[in-house]
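A.B. asks: Below are the chains, spelled out letter by letter.
Protein chains: 2
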Amino acid sequence: MARTDKMHLGAFMMIPGHHVASWRYEDSNARGVLDYGFYRQVAKTAERGKFDMVFLADGYAVHERFPLALEQTVQVRLEPLTLLSALAADTENIGLAATVSTTYNEPFHVARKFASLDYISGGRSAWNVVTSNTEAEARNFSREKHLLHELRYERAEEFVDVVKQLWDSWEDDALVANKEEAKFADRTKIHRTDHEGKWFSVQGPLNVARPPQGHPVIIQAGASEPGKELAARTAEVIFTAWQTLEEAQTFYSDVKGRLSRYGRRPSDLKIMPGVFPIIGRTEEEAQEKKARFEELIPVEAGVALLSGLISFDLSPYPVDGPLPELPELEQINGGKSRFQLLKSLADREGLSIRKLYQHIAGARGHREILGTPESISDQLQEWFENGAADGFNIMPPYLPGGLEDFVDLVVPELQRRGLFRTKYEGNTLRDNLGLTRPINGYTFKPAESEATTG
Amino acid sequence: MARTDKMHLGAFMMIPGHHVASWRYEDSNARGVLDYGFYRQVAKTAERGKFDMVFLADGYAVHERFPLALEQTVQVRLEPLTLLSALAADTENIGLAATVSTTYNEPFHVARKFASLDYISGGRSAWNVVTSNTEAEARNFSREKHLLHELRYERAEEFVDVVKQLWDSWEDDALVANKEEAKFADRTKIHRTDHEGKWFSVQGPLNVARPPQGHPVIIQAGASEPGKELAARTAEVIFTAWQTLEEAQTFYSDVKGRLSRYGRRPSDLKIMPGVFPIIGRTEEEAQEKKARFEELIPVEAGVALLSGLISFDLSPYPVDGPLPELPELEQINGGKSRFQLLKSLADREGLSIRKLYQHIAGARGHREILGTPESISDQLQEWFENGAADGFNIMPPYLPGGLEDFVDLVVPELQRRGLFRTKYEGNTLRDNLGLTRPINGYTFKPAESEATTG
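So the sequences go chain by chain: A and B. Everything in the first sequence is counted per the UniProt record's numbering, starting at 1 for the first residue and increasing by one. Everything in the second sequence is counted per the UniProt record's numbering, starting at 1 for the first residue and increasing by one.
Be aware that a few hints might be false.
Not everything, but these chain A residues come out facing chain B in the computed CB check (under 10 Å) [to be verified]:
no., residue
1, A86
2, L296
3, P298
4, L329
Please keep in mind that the hints were generated in silico from the structure rather than gathered at the bench. Since we're looking at a predicted model, the values are computed, not measured. No residue lacks a Cβ here, since even glycine has one placed at the ideal position from N, Cα and C.
Take these sequences, add in the hints, and give me the full structure.
C.D. replies: Structural data, given as structure tokens:
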């Protein structure tokens, strides 16, 4: 079943790699995590490979539930928006996606920063909307407890709505800059948001004019019920974590099916599951790399990672024993979909704690694909052509080598098969993702518009 | 009275110029305000002129008290931290100073963003600490009223303390990246802040290691009593607004005199008053430029600017009449020092509202200096050599020309006189300002240190 559209690719810039032991790998740049030149090198590599975007995850705390996590894993990172702005100056075409939490930020700041990044990059910014999931983050923001899952999503819905209103608060042609008539802006085209909601009151207008893309691209990752609903209503890209084709297909048709409720078409939302590729020139080389990574995981780091992913402390349990009795899904106030995925994986395959953390230390719940460039391409093509994905978020095990291999070996194979672009389609991230530029709500519904002042 | 040290210079990047009518001036780039390439051009010009830093003011609302302000003045701007990060990639030596308010932000985010900018720029970041001063900003952040002046400063004190603790939460050598020993970081050198105060509780540690400069440079601008005290305790650069040598000298010795209370030396704080230069190749050319700018001010924009500066609505009063009876200083919940300065200026010189706004439409309360490059240099030299300033924050009337003139005509004259550097002294902003790198509190007082975990 051939598709006429092309696959979309994101490069996950987790430095120095997506594998928890990546920093110990012989070819990885362990100190690159705070070295801007290293990020630039990675971003330029992704741009050379014609990736749609680079993507930065984020969090607002170190993981310190387990003493050795702080010692054995990489717990520092640059802040995504400052970093992506610098990369905007050093790249030309690639999209720039930053994770920002709606739980610990304010809509006005977030609207403004992404609008600024959109101007600085000439229309290449994207916001990955998350709601955060650790208690440690709450304690860095004067709160004792992390907000409950349902409330986080309620807040997120309102937050995204306000941000979009702020982006629309200046119509596209509101800036006039007419020196003769002393008219810098047309105030009939500038609108207050006057939002009064449960979580926020925001008067507006924004103090940045409408961004080049209209709205920066909205990305989401939640796969819980409220996460899917929020995505169907507001997201333009979804990053998800699925292990099997069937799971991915079910999710794909579920979410695409929800779009019509909000007046949206299936092509308005691109579903891009995460993929952790271990690439070898031969199958054996790929297997050796995988084994080497598993050796490099310190036990405590592995247990800490797994505990974090399921929001349950596994450190008191024997590492070669089975998973203990876990709480019910309803009691988990973290990443619910990740919890479910790992619990069912352990049950299905009877894995010990060690085997389970080795299994997830690279892909962290995402799909691991291993093999030669041809085999990697086959595995991507299968999902792309069978209703499971519109593209993939590539999570190289280590950097820069893991991404260089993908760009130099896999991308040409995908291009040969006609699955991936050989040049960028346009100048903005929306152009390259094949997403339309949103119409301004005020232009669209003139009856509702009202000047800020006058 | 010759000084052995050199003058420091900041370039105020108000786009398209510091004069309120700059965007109407024939040679200004009116649309430059959202054009990254224009900021890059200005920053590179300042770097060519060996300026210590570029400086970005900021605010979180449009001014909309007066209907025409939105139409006749420039009310949009890019967000400073995203913008400066891009400029970090496009410059080599110049310092990058961003204004961020303590009233509408969180210490964890601010500490992290400036630390990131410091890494990205290789030690060139600076934070201008302000407390905001308009009701419109409050209404963009779910608050009905702007916080009172005293409370803003109380919050600011605590905010800055927490940010500095977060910058110190990783000792300078905490990052080890030892692959063999599986030791990425030395956790005995990573510290929680465990701050519990009136305004904030912040557990820490930060998720960025200690910045290259130790602490990004701290700048302040407040000249009220709590502003001066906050500056004496925490600031390393002060931007101030003074019209006369005597006022500037009084302030200079007052603030420098307060430093010893906090164990600081006079050289630990650089005082850099704002200066608005109108440069001509002849005195007449400078006078003509000034007259041209005054012609270009729309009446409503002039009245709105003046009203904003004194936090009092002047629009109901005849523009060619005197200032009305103004409230007492105690009742003003805005920039108190600016209010006082303008009120006494109007009283002293008997200016009408129109004359007063023409007078301040360029310098906005800062010192206006006008003349040939020699005369401009004389005026800077006088303050620098007579205990009134360690340098100046240059506010070009229009851009890029106003800065190009300063760099091409005034800087060479200052260099000839031995008053200004001919090359950068070092790689970081601290090096160039002649500020020492702060010792980490934990290294300094080992008895107080305590590992985060373990």
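A.B. asks: Against chain B, is L296(A) within 10 Å by beta-carbon distance?
C.D. replies: With a minimum Cβ separation of about 8 Å from chain B (threshold 10 Å), the hint on L296(A) holds.
A.B. asks: Holds or violated: the hint that L329(A) contacts chain B, with Cβ atoms closer than 10 Å.
C.D. replies: Given a least distance of 28 Å, the restraint on L329(A) is violated.
A.B. asks: Is the hint on P298(A) kept, meaning its closest Cβ partner in chain B is under 10 Å away?
C.D. replies: 5 Å, holds
A.B. asks: A86(A) was flagged as interface toward chain B. Is the shortest Cβ-Cβ separation under 10 Å?
C.D. replies: Because about 4 Å separates A86(A) from the closest Cβ in chain B, which is inside the 10 Å limit, the hint holds.
Checked against the numbered hints given earlier, the structure breaks only hint 4 and satisfies all the rest.
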